[in-house]
Amino acid sequence: AGPTVNFGEQGSVTFNYALQMWGQYEDYTSSNDDGDQTDFFLRRNRLTFSGQYNDYVGFYAQLEGGVDSKDGEDDSSTFFRDAYLTLDYSDPLRFMAGRFKNTFSRENLEACLEPLTLDRSAMSFTPFAGSRDTGVAMWGNLADGALQYRLMLADGREADEVAQDNPRMTARVHWSPLDPEYDYGYRGTYLGTQKVFTIGFAYDTQADVAYSDFNTGRNSAEDYTATTADVFFEYPTAAGTFTASAATFDYSIDNAINEDPDLALPANSELDSSYGKVGYLFPNKIGIGRLQLFARYDTSDFNLDSGLLDNTTTAGGFNYYIDGQQLKLTGEYRSVDFDNVESATNPTLQDHDQVTLGFQMIF
Amino acid sequence: AGPTVNFGEQGSVTFNYALQMWGQYEDYTSSNDDGDQTDFFLRRNRLTFSGQYNDYVGFYAQLEGGVDSKDGEDDSSTFFRDAYLTLDYSDPLRFMAGRFKNTFSRENLEACLEPLTLDRSAMSFTPFAGSRDTGVAMWGNLADGALQYRLMLADGREADEVAQDNPRMTARVHWSPLDPEYDYGYRGTYLGTQKVFTIGFAYDTQADVAYSDFNTGRNSAEDYTATTADVFFEYPTAAGTFTASAATFDYSIDNAINEDPDLALPANSELDSSYGKVGYLFPNKIGIGRLQLFARYDTSDFNLDSGLLDNTTTAGGFNYYIDGQQLKLTGEYRSVDFDNVESATNPTLQDHDQVTLGFQMIF
Amino acid sequence: AGPTVNFGEQGSVTFNYALQMWGQYEDYTSSNDDGDQTDFFLRRNRLTFSGQYNDYVGFYAQLEGGVDSKDGEDDSSTFFRDAYLTLDYSDPLRFMAGRFKNTFSRENLEACLEPLTLDRSAMSFTPFAGSRDTGVAMWGNLADGALQYRLMLADGREADEVAQDNPRMTARVHWSPLDPEYDYGYRGTYLGTQKVFTIGFAYDTQADVAYSDFNTGRNSAEDYTATTADVFFEYPTAAGTFTASAATFDYSIDNAINEDPDLALPANSELDSSYGKVGYLFPNKIGIGRLQLFARYDTSDFNLDSGLLDNTTTAGGFNYYIDGQQLKLTGEYRSVDFDNVESATNPTLQDHDQVTLGFQMIF
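Protein chains in written order, with my numbering: chain Y, 11 to 373; chain A, 11 to 373; chain E, 11 to 373.
Among the clues, some could well be false.
Identical copies carry no separate label here, and so any pair may be met within one copy or between two of them.
DMTMM-like, lysine to aspartate or glutamate: derived pairs with alpha carbons at most 20 Å apart [what the hints assert, rightly or not]:
1. Lys205 - Asp81
2. Lys205 - Asp193
3. Lys80 - Asp363
4. Lys80 - Asp170
5. Lys295 - Asp333
6. Lys80 - Asp218
7. Lys80 - Asp92
8. Lys80 - Glu19
9. Lys205 - Glu124
10. Lys80 - Glu171
11. Lys295 - Asp264
12. Lys205 - Asp264
13. Lys205 - Asp270
14. Lys205 - Asp98
15. Lys80 - Asp349
16. Lys205 - Asp189
17. Lys205 - Asp154
18. Lys80 - Asp37
19. Lys80 - Asp98
20. Lys205 - Asp311
21. Lys295 - Glu171
22. Lys205 - Asp233
It should be emphasised that the hints constitute simulated quantities derived from the structure, not laboratory data.
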């Protein structure tokens, strides 16, 4: 972590900078051009200012440069990826307000720069307000951190097309019988410093998010509901640290996507999916750093009548930790197979391979 | 205020972060959809870096996240809301150069996070370069701060449609017979720390800003002129602090908006309007903070031949200062009544109500 | 330079802010409107965070407000102008990774806020990824800094229109027999603190960047190649400091621009051009600062069959250094003459004059 400046009696502010640079090979160029490409881009590029106003009230403001320079899209506009206030009354009773990670899936809540594999899967992002949402949360730890609960009230889907913009409600609990995971954010790996076994469940809902008869009456407003279950296990041994994690997802809007929805309704609104990922961290340094091998297996069934998009993604690779997560090299090979049909015209919807080499620094 | 770092013999830089989060209920959803909505959004979200290069030269750079997440518009691009240099030769002779608040109306110059009511009225922003403009200003205090003058030369309206891009000129004076208001910015309330009575006048002009015969010859280029008069009074007593403020505005471009202007000419270019606002701050703490009640009454006559837009807005609410302006809760109820006609199709131009609850932290 | 905060054993971060404000007069208003205009704008507006993670690894992150408020385009989105990591193994062996200045022309590599004349010429920016590119570089100094080499692998042109997105390769060498120029960036003037004579050469290439038969078969993919040669001389004497610099540029894609290219191919892809610039810095202070006079002469031949765009630009002016480059006033008069044809309809492509007065602060 970067430098912290204290001031006043209880105030402090910490500055951080984090950069993830990727070089990526893909065997297609764009959605309308087959061929292949080699692309350097900044996957994450973040300036963070966080601090405490006093012992109770804190803040977190993170400027993001976005996915900069991918496919020739240079000089992406910066925006506040996160901007929120925290009020920590006690460990069982904490509040957040502003824009921050929605509290549904474990993988979305795993730190962006500390995943087990190259990156998170898109299935971990909810159809509306995918990674972050704007609202308020109440959460806390009970039973010495073995039990954690979270409740969130947020914007969810906001669209001109829907008459009633109701709030979205999310609830999540987890149980950690070994070492507790007591933060709001999880990690994809603790690098062998913790013995963790955590099971989590979450439920997400928003009423009347889309019409299933948008062009033919607008009488049937459908509700969004989603559930996820996830398990995480990491155990350090003399022979190395073993990590395994899995989750299932069920998003639904009563099949509106296959009826007569508004055009803006996302294609993943009826998604059923799951992931499994495993890792092995060698017990000793190899060269100047530590080596971790990983693999993941993702299945996604979008339940579209066309059968499009359904795919199975297999990936394997390594993390080489030169100085923990602060200086890390990552390499990954990924294969995407479309289960039912391959698009005849769009190379991004045809079976393809991808090789990525990434470097990350957290300052 | 956040931490200040000194360096060299005279240099210093101060870091600040300010976040205003609002939850807002409105009895319509959008300009093409009646219904209602509940929306959480970040009304203001600002990182500020300011400092002194030496005893004479300083700077102020403020990154703004904009109105983020309102109506589902998430991840607003950040931009420099303010970016300017200051040269303070003496108290009567000060200069500013860059992008900063135009120096016309008192309410626009009241600190964004220290208003008396929930927020400022749109009437306080000039038709061109509404809140900030880019240019240079000379200003200063005379007679021990009882008299303040300001002169500004800035861009004003810049448009392809107008042949001659002349500079805009603004002049403002105020007289403060009690405690002086000697800063470039005013405040909406001093929370009972000052006894203030201030009368101000300002004049704003730019030559040839719009044709009144844009499609029929382009022979008549019209001049923009505007005047405002304002009064501010705040007086602390044993029974609490009383605040009252009022202003009138007269913007004009020789009625071009009702003739044959270019399409980009703003609808408020012929506005006559006024506001009155009052506040009462209880003398003692109530709970952990101090309570201030407020109300405001705004009238706006846009002088459009159609009679559209003219409205009367009435609002009332409270500020609850947990730690002065640094930690503040604000609640406001607002009613907007259209004076002449309500739009048949656009819910935002029909009489409506709004309830807002806001929380602010200035770090 | 602004304040530096140290932390840990080897870590440090430095904060900088730089603002260039220009007031500019031009004898036309826009590309579709003759007339004239006076415009204040922020030419450069930058917050910089840079530092060292340890003795080997460092970073540089620069937020840019862009050309803000020019022609009425206010509140430009900020973006990361630069965002890169450095690995300095030894002076002869250094690495950079991320988004940073492409390493082709000397003038592009001269510090943005330390040019000799008002600003750099557009000819110094390559047709693709003009000023900055995303990729990796290896560079270093040999023979006590007399010889410097640079090799860069970057994105170059990335476009849907091109089947194969190959990497771009750039190589540059310079020879400095007097005082060495050992940084990655050059300067437009050393203000008499160095005796410098440097000759540089660079070569830039990317395979298959554009079809010369885009609409008629897409069989002929053409390669991009570019060369530049530059010389820089600065010598302080008792009579003042003399500066002279010149360069030539040859960009080519095998004449694709005059055949049947995709519409996005830049007009400067077949440019032949050169500049010469001279400066004289008076030996002693004049008033509170130091005065430097400068002039430049640019010729550009775009090799378009239409003969459009070819122009000769002559400029002269002064820098007045109140506190070196930290506080500087600059004035320039510029005349642009189109060599072959003047556009009948576009005032920006007709002979024109421009007068600029600029003020800069580097904090």
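Each hint, compared with the structure:
1. With identical chains, the CA atoms of Lys205 and Asp81 are never at most 20 Å apart, being 41 Å at best within one copy and 44 Å at best between copies.
2. Within a single copy, Lys205 and Asp193 get their C-alpha atoms as close as 15 Å, which meets the 20 Å cut-off; across copies the closest is 48 Å, which misses it.
3. Taking identical chains as interchangeable, the C-alpha atoms of Lys80 and Asp363 lie at most 20 Å apart only when both belong to the same chain, with a minimum of 17 Å there against 39 Å between chains.
4. Taking the shortest alpha-carbon separations for Lys80 and Asp170, only the inter-copy value of 12 Å comes in at or below 20 Å, while the best intra-copy value is 31 Å.
5. For a Cα distance limit of 20 Å, the shortest separation of Lys295 from Asp333 inside one copy, 11 Å, qualifies, whereas the shortest one across copies, 51 Å, does not.
6. Taking the shortest alpha-carbon separations for Lys80 and Asp218, only the inter-copy value of 19 Å comes in at or below 20 Å, while the best intra-copy value is 36 Å.
7. For a Cα distance limit of 20 Å, the shortest separation of Lys80 from Asp92 across copies, 15 Å, qualifies, whereas the shortest one inside one copy, 22 Å, does not.
8. When the C-alpha separation of Lys80 and Glu19 is checked against a cutoff of 20 Å, the pair qualifies neither within a copy, at 45 Å, nor between copies, at 36 Å.
9. Taking identical chains as interchangeable, the C-alpha atoms of Lys205 and Glu124 lie at most 20 Å apart only when both belong to the same chain, with a minimum of 17 Å there against 49 Å between chains.
10. Taking the shortest alpha-carbon separations for Lys80 and Glu171, only the inter-copy value of 15 Å comes in at or below 20 Å, while the best intra-copy value is 32 Å.
11. With identical chains, the CA atoms of Lys295 and Asp264 are never at most 20 Å apart, being 52 Å at best within one copy and 52 Å at best between copies.
12. Taking the closest pair of Cα atoms, Lys205 and Asp264 never come within 20 Å of each other, the shortest separation being 40 Å inside a single copy and 63 Å across copies.
13. For the homomeric pair Lys205 and Asp270, neither the shortest alpha-carbon distance inside one copy (49 Å) nor that between copies (64 Å) is at most 20 Å.
14. Proximity of Lys205 and Asp98 under a CA criterion of 20 Å is satisfied in neither setting, with 26 Å inside one chain copy and 38 Å between copies.
15. In the homo-oligomer, the alpha carbons of Lys80 and Asp349 never lie at most 20 Å apart, since the shortest distance is 27 Å inside one protomer and 39 Å across protomers.
16. Proximity of Lys205 to Asp189 under the C-alpha cut-off of 20 Å is restricted to the intra-copy arrangement: shortest distance 6 Å within a copy versus 59 Å between copies.
17. In the homo-oligomer, the alpha carbons of Lys205 and Asp154 lie at most 20 Å apart inside one protomer (15 Å), although the nearest pairing across protomers, at 54 Å, exceeds that limit.
18. Taking CA atoms no more than 20 Å apart as the test, Lys80 paired with Asp37 passes inside one copy only; the shortest distance there is 15 Å, against 39 Å between copies.
19. In this assembly of identical chains, the alpha carbons of Lys80 and Asp98 never lie at most 20 Å apart, being 39 Å within a copy and 27 Å across copies at closest.
20. In this assembly of identical chains, the alpha carbons of Lys205 and Asp311 never lie at most 20 Å apart, being 33 Å within a copy and 68 Å across copies at closest.
21. Proximity of Lys295 to Glu171 under the C-alpha cut-off of 20 Å is found in neither arrangement, the shortest distances being 56 Å within a copy and 46 Å between copies.
22. Proximity of Lys205 to Asp233 under the C-alpha cut-off of 20 Å is found in neither arrangement, the shortest distances being 39 Å within a copy and 56 Å between copies.
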